[in-house]
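Since the structure of chain A is provided, determine the placement of chain B on it from the hints.
Top to bottom, those sequences are chains A and B. Going by my numbering, the first residue of the first sequence is number 1, and it counts up by one from there. Going by my numbering, the first residue of the second sequence is number 103, and it counts up by one from there.
I should point out that these hints are in silico values taken from the structure, not numbers from a laboratory. Virtual Cβ for every residue (Gly too), placed ideally from N, Cα, C. Only true hints are included.
Simulated pairs of lysine-lysine, DSSO-like, Cα-Cα distance not exceeding 27 Å:
#1 K92/A with K365/B
#2 K226/B with K365/B
#3 K100/A with K395/B
#4 K20/A with K365/B
#5 K56/A with K372/B
Not close to chain A: a few residues of chain B, all C-beta gaps over 10 Å, as computed:
#6 R174
#7 E180
#8 I182
#9 H191
#10 D237
#11 I271
#12 F275
#13 D286
#14 D321
#15 K355
#16 N357
#17 P393
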Amino acid sequence: MVLDVTIRDEMNRTLYAKRKVYMPQSTDSLGNAMVYGPTHKLGIVRDTSIQPFAPKTETFQASMPEGIGKIRVNVDLSYQPRPGDVYPIHHKTVELDLGKEG
Amino acid sequence: MKKEQNLTMVGPQPIKDRVILFIGAMFRGRWFTGLCCLAFLSVATFMNAPLGASDNEAQSLKELLTRYDTSRCRECHEEIYVQWEKSHHARSIMDIFMDGYLKEGVLAVKSPNEATRKNFPCFKCHFPQLEHASDQVASEIATAILNKDQETMKKLNINCLVCHRDMGIVHGFPKKDVLYGKTDVAEHPDDGFKNVHKSPIMTQSVMCGQCHGLGPVFDFEYPVQCATLYGSYLHAYIPAGGTQTCQECHMEKANHTCPPDFKDREDTSKRLAQALPMQVEAMFYQPQIDPGKLVPTVLVETRITSRAGHRIPDG
Numbered sequence: 001m002v003l004d005v006t007i008r009d010e011m012n013r014t015l016y017a018k019r020k021v022y023m024p025q026s027t028d029s030l031g032n033a034m035v036y037g038p039t040h041k042l043g044i045v046r047d048t049s050i051q052p053f054a055p056k057t058e059t060f061q062a063s064m065p066e067g068i069g070k071i072r073v074n075v076d077l078s079y080q081p082r083p084g085d086v087y088p089i090h091h092k093t094v095e096l097d098l099g100k101e102g
Numbered sequence: 103m104k105k106e107q108n109l110t111m112v113g114p115q116p117i118k119d120r121v122i123l124f125i126g127a128m129f130r131g132r133w134f135t136g137l138c139c140l141a142f143l144s145v146a147t148f149m150n151a152p153l154g155a156s157d158n159e160a161q162s163l164k165e166l167l168t169r170y171d172t173s174r175c176r177e178c179h180e181e182i183y184v185q186w187e188k189s190h191h192a193r194s195i196m197d198i199f200m201d202g203y204l205k206e207g208v209l210a211v212k213s214p215n216e217a218t219r220k221n222f223p224c225f226k227c228h229f230p231q232l233e234h235a236s237d238q239v240a241s242e243i244a245t246a247i248l249n250k251d252q253e254t255m256k257k258l259n260i261n262c263l264v265c266h267r268d269m270g271i272v273h274g275f276p277k278k279d280v281l282y283g284k285t286d287v288a289e290h291p292d293d294g295f296k297n298v299h300k301s302p303i304m305t306q307s308v309m310c311g312q313c314h315g316l317g318p319v320f321d322f323e324y325p326v327q328c329a330t331l332y333g334s335y336l337h338a339y340i341p342a343g344g345t346q347t348c349q350e351c352h353m354e355k356a357n358h359t360c361p362p363d364f365k366d367r368e369d370t371s372k373r374l375a376q377a378l379p380m381q382v383e384a385m386f387y388q389p390q391i392d393p394g395k396l397v398p399t400v401l402v403e404t405r406i407t408s409r410a411g412h413r414i415p416d417g
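Chain A with its partners taken away, still in its complex shape (with noise of 0.2 Å):
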């Protein structure tokens, strides 16, 4: 699961851009590194998977220029079993104008 979370300004420049990634990971259990597929995978050492009945939070706090006006906060959650094989589930954007609201 991958969480994006992007600010773009009224000319669609990216002034913020971060990602999380949600999964179980695992080693071969014969060193430390991270590995991929059944048969090399044996157990799970660090899960930041979607839990059942555990609600995900996170706070993205990002530091904007001076003289920002418009902005857009796109947050997208998809499924990618593999680089570029994505599957959208939500998708969501919210429009703050910065001159405004300071």
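What follows is chain B alone, placed relative to chain A:
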């Protein structure tokens, strides 16, 4: 996978029983009865050939597939069969990149002729029928996979007999000529399986947990770790107060497509959206951590809640 000896013998009466009956009749001097039994034995053996009555491991892939042929189930269970055909169970080795494992790594072979059942730990769940076959069958399967023989690979799947016989019960061994379902069926109109017994686990998560994994599998020379989903169900969902079974979410109204179908991308996205509601809030403000220095800041809060019965992602 649990098995009873002679599990693959699916004919209505084992050959050896018929032979014993014949010999017994002969010894008791009932020649006429004995001869009748001999005639019946010959005819019945011939008639039951497609059901693959045999005490031995299947010696060819064709023989194994014949023993596990479920095409006749469709005659009465059309809707369920069509659902199953669309499921991942019906293409259980099509998308697991088995050719890669046979080319490189601990399961690799120089030639498909070298392949034995040891090269297919994945088949413990992806094609458990292999347990009832010889190494020759493993070699034939390796040939099909390495030649990308899609027609043959399509026939290697998790079919009716895997769940409704081999895996149908876990308390004791499944009986060779019995199917298992949600209810008893007094007279099942099939030449081979005349009995359907109620399986106490058919509607319980443990049924699915037989394959959908607790964690690493140490049964083999080299361990494998594929699905860990049932482990997550047991140790995360249940302790958090979850009460639903796998079947209630993934086989609603006995739907044998068992979604998600990852090839149906739109539906998979929709199901994931239902399982993982997400809230987003954003605000702009100017904190003044260092006195006199305002920093224009955007704060974004995200909250993803899981309604699923296991970790996501998992398999």
